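Peer 1: These protein sequences, in sequence, are chains A and B.
Just so you know, we're using the UniProt record's numbering here: the first sequence kicks off at 1 and counts up by one.
Just so you know, we're using the UniProt record's numbering here: the second sequence kicks off at 1 and counts up by one.
The hints are simulated quantities; they were obtained by calculation from the structure and are not laboratory data.
Fair warning: this is a prediction, and the values are worked out from it, not measured in the lab.
Hints may contain errors.
Taking CB as the label site, the calculated pair distances span [what the hints assert, rightly or not]:
| id | chain 1 | residue 1 | chain 2 | residue 2 | range |
| --- | --- | --- | --- | --- | --- |
| 1 | B | G321 | A | Q207 | 45 to 53 Å |
| 2 | B | E107 | A | F156 | 27 to 35 Å |
| 3 | B | R104 | A | G66 | 32 to 40 Å |
| 4 | A | L236 | B | N249 | 49 to 57 Å |
| 5 | B | P265 | A | G359 | 39 to 47 Å |
| 6 | B | A45 | A | P183 | 52 to 60 Å |
| 7 | A | R217 | B | P265 | 50 to 58 Å |
| 8 | B | R358 | A | D133 | 35 to 43 Å |
| 9 | B | D252 | A | R8 | 36 to 44 Å |
| 10 | A | S46 | B | E107 | 41 to 49 Å |
Just so it is clear, CB atoms sit at the ideal spot from N, CA and C, and this is done for glycine as well.
There are 2 protein chains.
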Amino acid sequence: MAAKDAARRLPIGSRIGILGGGQLGRMLAVAAGRLGMEVEIFEPASEPCAAQVATRVTRASYEDVGALRDFAARIDVATYEFENVPIGAVRVLGDLVPVRPGMRALEVSQDRIIEKDFLSGIGLATAPYVAIDDFGDLTAALGRIGAPAILKTRRFGYDGKGQTRLSDADEAPAAWETLGETPSVLEGFVAFEREISVIAARGMDGQVVAFDPGENRHEDGILRATTIPAAIPNGLAQDAVLLAGRILNALDYVGVIGVELFVTPSGLVVNEIAPRVHNSGHWTQDACLIDQFEQHVRAICGWPLGDGSRHSDAVMTNLLGEEVYAVEEMTGAAVHVYGKGTARPGRKMGHFTRLSPRG
Amino acid sequence: MAAKDAARRLPIGSRIGILGGGQLGRMLAVAAGRLGMEVEIFEPASEPCAAQVATRVTRASYEDVGALRDFAARIDVATYEFENVPIGAVRVLGDLVPVRPGMRALEVSQDRIIEKDFLSGIGLATAPYVAIDDFGDLTAALGRIGAPAILKTRRFGYDGKGQTRLSDADEAPAAWETLGETPSVLEGFVAFEREISVIAARGMDGQVVAFDPGENRHEDGILRATTIPAAIPNGLAQDAVLLAGRILNALDYVGVIGVELFVTPSGLVVNEIAPRVHNSGHWTQDACLIDQFEQHVRAICGWPLGDGSRHSDAVMTNLLGEEVYAVEEMTGAAVHVYGKGTARPGRKMGHFTRLSPRG
């Protein structure tokens, strides 16, 4: 139990601490401000883009216990914008202030084996998977799962980083070397028709709500666009939402979660979960009364969750690298620029959303 | 001509200076951030609520020429959130950096006589009005205009402040004393059916766009609620938009303007204009693809104006004083809390907007 009272609803004017100062922290800060909250960003890197719209920023290492304690003393609740936040930092904060979502969500989402064991354990389908600790495990696993397959590091993967695809068992030595001979998971290839995701939220009172599932298109492992609604039958959309709710309840979760799913001929397969606001939920900013960022802030502050129904259909497109400069000419889209310094190739610099009347 | 090139389009990452750190500056800052701009607030008062979401804040007096010059050196364009910004401060900035909207808009809107002369001069209807410099003027004007009438200070009025109503000519001495025996204007009472407002914008290239007119309800001189669409015939709504465009063009205006209008049996009468984003345009945040705040930022940065069409009907309601705490229970409205310190009675602390499908 945290030192500060974990059960009370945080009133207007409370102070939210966010670990991580990227675009998700930035958009969380804006939503928190809309609810009258003050925001402090904790970020080791210089000039985090979230700091431009936050009340305060602490620039310190996640290993700096003193800085973490000072940060905790200035805030009423802590959250994070990325699942790879160091567990040690969360433990330091957690002794002093509520951290939401909690430790269990981080443990599950930081390790692909623990995540898949958790999902299987609550009866959800995942890709076939085998834990790989050495090269012998990999060749044995390829014998069981077959090729094509995907080798992923157990930890710290994102946006297609930390993974490589094997078309054939012959590629095992190269793949093992590519990933750095590190604890990994071999996943069987799922022959999916489409990729969808559900952005759902769970409040401190256990209330669960979800935004309508969106359909995702990836390029080179990076989300390119999300279309709402996904072109799936209503029954399948409902299944996706129920499945997300099962995950939230099993984790006794507080906040917003992103659940990536494959649609296959035999039903939904969970690809991965992200214990945070999610890129595929950015469309909610412009097509819903209350968006994923505000829903997250509401949840972690103990407020009732808001009405996330959508008033419009939408297509959200990411702007990578220098693509961001195109927004200066756009007049028919809602544009969101992240204020990052250098438009490196592939870097998420912004996104834009086009609306159309709800179909 | 300003020292910095006034004609170029400001790219992503440019720096916008805002005179005034209240809720309008705050919501401008959020919109500017969404376009990838950095924002610096200039505000004499301590802890301006806009600073919570801005990159930087200068706390200094509008008479502090050194602070104004330093501020100008750090920004690419300046704007303001209130029409009563001291002209001297704007002159200091204007020598160093573009200030948008320009000086003419401020001169017109800071003085009710100049404003009404300007409006009459471009053929628009206003309430009958007479300039009052001494008590003799007032009694003479009451003889011409009759009662009921409204006595308003020429300068520095807002939210019903600086004005008093005369039901009868006998009330002239008390009214003259109430306003502080200061240069004023006596306005004839307009028998209006409803009050509407148009929020319009003009770009650096002369392009004019307008949001759909909203219908306003005031209480005690303070805006209580705005309903969109206003319950007026389409032709009248078009007249209102054209009239706003005439004002913008006549002022060679750059930015967003709020035009308050009375609907009367004989047509539209201009109540007043505000050379800034306007409370009655807050509904655009939640019911339009691009809102009044972003439209203003687009205009002053030389970007093409965005699509401000509305996807939903809306009712925006102001939260005054302690009413703001009600948002902690609201789940079916988009809430906007301003982060101000003390919830004094009548103080604008936030607003909320409810949407309904476009009728």
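Peer 1: Evaluate each hint against the coordinates.
Peer 2: For each hint, the structure was consulted:
no.	hint	verdict
1	B/G321 - A/Q207: 45 to 53 Å	30 Å, violated
2	B/E107 - A/F156: 27 to 35 Å	60 Å, violated
3	B/R104 - A/G66: 32 to 40 Å	55 Å, violated
4	A/L236 - B/N249: 49 to 57 Å	54 Å, holds
5	B/P265 - A/G359: 39 to 47 Å	43 Å, holds
6	B/A45 - A/P183: 52 to 60 Å	56 Å, holds
7	A/R217 - B/P265: 50 to 58 Å	57 Å, holds
8	B/R358 - A/D133: 35 to 43 Å	58 Å, violated
9	B/D252 - A/R8: 36 to 44 Å	54 Å, violated
10	A/S46 - B/E107: 41 to 49 Å	44 Å, holds
Violated hints, listed in ascending order, are 1, 2, 3, 8, 9; each of the other numbered hints is respected by the structure.
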